[in-house]
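Visitor: Hey, can you work out the whole structure from these sequences and the hints?
Below are the chains, spelled out letter by letter.
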Amino acid sequence: MGRSPLYGRDLICTRDWSLEELDLALDLASEMKRDRFSESHLNILRGRTFMMFFYNPSVRTRQSFEAAATELGAHAQFLEPRAMRLKTSQSAGETVEDAAKVMSRYACGIGIRILEDRIGAYGEGDALLREYAGHAAVPILNMADDRFHPFQGLADVMGMRGRWGTKDFRGKKLLQVWSHGALARSWCSVQESLLINSRLGMDVTLAYPKGYDLDPEVIGEAKANCQANGARFEIVHDAVGGYDGADVVYARNWMSPAAYDGGFDKEKEIQKALRHPDWICDTNKMRLTDRALFLHPMPVDRGHEVTDEVASGPQSLIYEVAENRLHVQKAVMALTMGE
Amino acid sequence: MGRSPLYGRDLICTRDWSLEELDLALDLASEMKRDRFSESHLNILRGRTFMMFFYNPSVRTRQSFEAAATELGAHAQFLEPRAMRLKTSQSAGETVEDAAKVMSRYACGIGIRILEDRIGAYGEGDALLREYAGHAAVPILNMADDRFHPFQGLADVMGMRGRWGTKDFRGKKLLQVWSHGALARSWCSVQESLLINSRLGMDVTLAYPKGYDLDPEVIGEAKANCQANGARFEIVHDAVGGYDGADVVYARNWMSPAAYDGGFDKEKEIQKALRHPDWICDTNKMRLTDRALFLHPMPVDRGHEVTDEVASGPQSLIYEVAENRLHVQKAVMALTMGE
Amino acid sequence: MGRSPLYGRDLICTRDWSLEELDLALDLASEMKRDRFSESHLNILRGRTFMMFFYNPSVRTRQSFEAAATELGAHAQFLEPRAMRLKTSQSAGETVEDAAKVMSRYACGIGIRILEDRIGAYGEGDALLREYAGHAAVPILNMADDRFHPFQGLADVMGMRGRWGTKDFRGKKLLQVWSHGALARSWCSVQESLLINSRLGMDVTLAYPKGYDLDPEVIGEAKANCQANGARFEIVHDAVGGYDGADVVYARNWMSPAAYDGGFDKEKEIQKALRHPDWICDTNKMRLTDRALFLHPMPVDRGHEVTDEVASGPQSLIYEVAENRLHVQKAVMALTMGE
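Residue numbers (the numbering used here), protein chains in the order written: chain A, 8 to 346; chain B, 8 to 346; chain C, 8 to 346.
Hints are computed from structural coordinates only; laboratory data are not their basis. Wrong hints could be hidden among the right ones.
Which copy is meant is left open, because identical chains are indistinguishable; a pair holds if it fits in one copy or across any two.
Stated by the list, open to error - Straight-line Cα separation of at most 16 Å, EDC-like style, residue types lysine to aspartate or glutamate; simulated pairs:
1) K108 <-> E327
2) K108 <-> D315
3) K217 <-> E241
4) K174 <-> E28
Guide: Structure below.
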């Protein structure tokens, strides 16, 4: 294949790409899933290097990006910035500009993961990715930052498309619901889901206990997307009501915004107290839906976020979506980096 | 090559495979050693991902498995579970089932290493591998657990076959002898050697100072294997006597079962005291043998476990067996994972 | 390509190779830079394993060596010796001989990085590489030790050749100048530069504040090289004078020899005090030169070692030289390891 129209592009949030561009990636991901290890895909990035920067550790993201590179003929370098002497206000070191410019000489692309507990204030992680993107001559891919998680969003959409057999999500209802859990989860997967699925025409119900507000800018944009599509957007603080008529339930713990003030260790203690035991996704609630699919970005905190019966039930897409991470990552790497 | 009869199989202990199956692997390993880097082998797992889970660090095992994957056209991901949030009785996290099912979507196989100091009680490491095997859709390979080390056992057999020029080990005598040393070694290599070599018809003498008993279930099975083959099995607590007439001497330190009660740090202190200086494999003892080969899984604690003269002498197979690790691992990966 | 005349050779310091041999590597590096990812280069080390031992962490060296292996079809294993149980005077473990001999069975070559803070006395790092080289059956490549950094030296020369369009450096003047900085840098890049550029016929001025002497043996050899070439060699303790008429300015911080006595943490404190603010490479000083090129091995401590204006100016070769690291490493790996 030659260079695609997406050659050289970054992917930091799905909203940075048009729906047509996202569709191109999703179509190629489906083709790659059907025809895995085909000769034509195995050479797309042959001999190339993809750099993966993990400011935060990760299992699934690391495994799936590293495998994606391998399946395209490339090699993904696993890099942890404890070994990087980057310049900060506190210490001497290398500027992001120097790091990005040098890596652009070695690599065909750079993936970065940085979450809330490695930054000073909300948004700084996403800003760091955009700073890299400003200096790098190669694509910057967001492997999850404090705001967005575009490959999770794409994998979710690919999962629903696969199960529903249609790209037309209009008239379908997404319940994006907070779950209690023993870990304080990032906002990125949830916010990405709200942004991309609202653009695709879904009705969106966002449900969470008071005190668990997300980024108002993201919520505002999701609402505007729904309005532009003539779809419904609502926020409820009710553990059950939102399930009514849902076509897909995305149940997932997330931390409260207070964590940014009080610290993430304190937030983890709060979450461990499991104060909202009614906020679990279970069969009783799922019966209120329109045979909804169950989505979760994994790892699943079973027994807290969701019961085993739902997570392992026939409507659960968790393993399918986890696999899709690989395929959407391969597709985007091929489209943005393939010569 | 197409799929072998071993496609999809786990290898957790050599006793899980028939002698015919082990022979298939050993034959392919020899072919791969003779014809390393041949075009036909370089593509067997092209573009595939092999996951390596190191609950315990390792040098040789990591190097040889990672090289094995490379030489088959695959890529081995080096994963350390400090980065994995697995569910335990103490903490929330991902279940082994979820981890195994997702990894099966990304990888053609999973290797796991977990030794005695990362578990609560003897046998839990091996049990964890079998739990993974119960859930994974791809082969689980044992890269050394608290009980067994199948690839070491296969590499040992390959080494003896190579030197003796025969697959028929009947009538040959193995001395499996404890050595003093400054490190408390695992039981896995020694137990695997007892199990596989007793099946191959060797006479087995197991020698160790009192207090260094191994797993009675394994010893019972080795004894039964010898009986079934009409071979001799004996246990002696004598640093010298067992050498008499041996064809192969496998001298290696191992920890006492007391380590499981008192803790591994305490055991290391005990071993460092080097209380059994007569339990060293040296030239004087080797003279009592029938020009025995010397085996050791490395790393060798020279001057304690064995003298330099023996370890670097003409009958020593240590480097040859270390190289064989690569070849048997390649062969088993090819047989269990090659399409 | 078949085996080159350099097949099997180590590269620990450029002075271990003849100028003709270095020229062979530089020519191949240039060819590889012009024709990156060509089919002929992608297969040179196909399926081979290159071992990288990082006693000290590194970013650029790791990235560029790992990418070099990838671009030759090989795989570079990233190894940190905290996982290695090497024998020392204090502790039991594996001998360098055993480690080197086993790795020679798995790998086509071994790279080692070990700097001043992981050794007991100056020279021990370089001595360790030579001990490995004495036992290994495959090439040992120096990825920076306490004395030398041959690939940095080659990348520097490649950068100057590229910009000047000539291999003839006679009559050109190198200013090798100490810079103040908040980090205590190793001597290796600077000493390698003095050794190789003095062999190439350049006039050399070495400038540093009193108390920052380098290895007298290296200085003596650089001086002798200049004399043999009829070139000038001088040492000055003046932050400005040496710039006069320079064709290339290599400005870089380095630690004082006192660090070997007082410890590296103390040295870092001393450097952080930034007691020599006049020792910065800036535009005013660069105006005294003959439109000199600016060299630095990166990472650059901007604002201390050099101003942004110089480091990012048109005469700066920093990114070009960083890229050249990849190409010279590829070339040397191909020449010393390619079958």
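Visitor: All hints, please: hold or fail.
Guide: A quick look at each hint next to the structure:
1. In the homo-oligomer, the alpha carbons of K108 and E327 lie at most 16 Å apart only across protomers (10 Å), although the nearest pairing inside one protomer, at 37 Å, exceeds that limit.
2. For the identical chains of this complex, K108 and D315 are inter-copy neighbours only, at 15 Å across copies versus 47 Å inside a copy, given an alpha-carbon limit of 16 Å.
3. Taking the closest pair of Cα atoms, K217 and E241 come within 16 Å of each other only inside a single copy of the chain (14 Å); across copies the shortest separation is 72 Å, beyond that limit.
4. In the homo-oligomer, the alpha carbons of K174 and E28 lie at most 16 Å apart inside one protomer (14 Å), although the nearest pairing across protomers, at 48 Å, exceeds that limit.
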